[in-house]
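Please put together the full structure from these sequences, using the hints given.
Number of protein chains: 2
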Amino acid sequence: METLPQALLSDRGLAYGQGLFETIRVQHGRAPLAADHRQRMLRGAQQLGLPLTPAQFDQALAQGLARAGDALSVIKLVLTAGSGGRGYASPAHPRVSLSAAVFPYSPRPELQYQQGMAIGVCKTRLADAGALAGLKHLARLEQVLAADEVRAHGWDEGLVLDARQRPLELTSMNLFARFGDRLWTPALDRAGVNGVMRQRILASGLSGTGVELCRRPRVLADLRHADEIFACNAVAGVLPVRKLALWHWPVGDLARRLQSTVENWFLSP
Amino acid sequence: METLPQALLSDRGLAYGQGLFETIRVQHGRAPLAADHRQRMLRGAQQLGLPLTPAQFDQALAQGLARAGDALSVIKLVLTAGSGGRGYASPAHPRVSLSAAVFPYSPRPELQYQQGMAIGVCKTRLADAGALAGLKHLARLEQVLAADEVRAHGWDEGLVLDARQRPLELTSMNLFARFGDRLWTPALDRAGVNGVMRQRILASGLSGTGVELCRRPRVLADLRHADEIFACNAVAGVLPVRKLALWHWPVGDLARRLQSTVENWFLSP
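Chains as they are written, first to last, in my numbering: chain B, 1 to 269; chain V, 270 to 538.
Mixed in with the good hints, there may be bad ones.
As the list claims (entries may be wrong) - Only some residues are given here: those of chain V computed to face chain B with a beta carbon under 10 Å:
1) Lys392
2) Arg409
3) Asp417
For the record, the hints were derived by calculation from the structure and aren't laboratory data. A virtual CB, placed ideally from N, CA and C, is assigned to each residue, including glycine.
What follows is the structure, encoded as structure tokens:
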């Protein structure tokens, strides 16, 4: 039975989930989406009242990059609120901890990229999160429960609904659906994680594709009529969704195009 | 800037909040509510699929008791899902970590016990938690946000509402309100933490008091008409609530009686 060191038991990231993380893909010694991860962590830290500076982020990232070398890796940066405070209440002047760990990156099966993923609908819902909506914080028990459902069912991933039973995201990826030339992705203002890859696609990935964004709320049944569905995150890139229960979708042109775009982001010098 | 050790960054308690904790009050070298904490942690572990055994709990508690000696202390036991798994998904065979930390117990001001606490309504809500409702897990960001509101306002504690705007509990205590001879406490089947002191009061603390339990759902406005309101947890015991915004309540007989009952639990040899 393992026991954690005493110093760690006081860390508020462990004690309460009070912190944030980023998982940054590294290829050829570079992290092409580093600026996006940096911006998200700094903004999140500001929202949580944690005094993280850009220089501190850069230093931790540099440590991770040095350790990753040329290997295809994922750098995980973990920011916590440090120790202190009385019970749940934060210390008046938090002294954050920021750490970098490097993991080898084991990609998803190539077949899932080529032919798409088979997913199911999780029973676990993502509750409305108030001020925590969209943040990549450490309190991720809902995602753990949902991911455990996926593994139990043998799905490639799982669709997670919000408190109103509407499609929100997959357990570890954001969701897109194309209806003709209208591209839809759920709003994440009440729950979910606002992914870096989702943000990149929305900011620059769609130029020249001819689709326009459509943000109206959609119910699960709407997805049945989509021309294509795909999911994304900053580590795995873009994966089409081919099957949800008895519904099927082809691997569409937009997903293929975005896979190519993302590959270029990671390959270009 | 502090950095956490690499081994720790893989711990799922830190990474995702996948774990449970107990805060056990120790007085004169004894923990009178130990059995209640033990039962709650074992049940919670079972619900989360974490293989904690009674013997492991007992060993960790014994370590804590040995370290606490005769000092008025709080033993914090932290159970995590250990490391492993792929991303959010749990490892197929989790190897838990269980740790004990001992903190000196600094009681709340005596005035709060004598005259009651002044509280406010937090903006932070406790979202419906599905399978996580009632559990004392590590993903406690909602409580952190609520407790920070309390500190910012200078309240003694804060009332947290659920997703339907109904009173649920305080940031670190459960809530009771007496209406004549009917004692009400919110149901915690959808959100909140099912406290050990709350459970003890419901199980044995009310015998001879002449009150009967009433569980019907109540709205915030109902509280105005209560004869007395009090809150409790296993470390602080029972504290009356004297004020919420412009509403006031006297310190009632039941709160006094329960304070005495709890004191006896902790003092009797």
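Comparing the hints with the structure gives:
1. Lys392: holds (8 Å)
2. Arg409: This hint holds: V/Arg409 lies near chain B, its Cβ roughly 4 Å from the closest one there, short of 10 Å.
3. Asp417: This hint holds: V/Asp417 lies near chain B, its Cβ roughly 5 Å from the closest one there, short of 10 Å.
Consistency note: the structure conflicts with none of the earlier hints.
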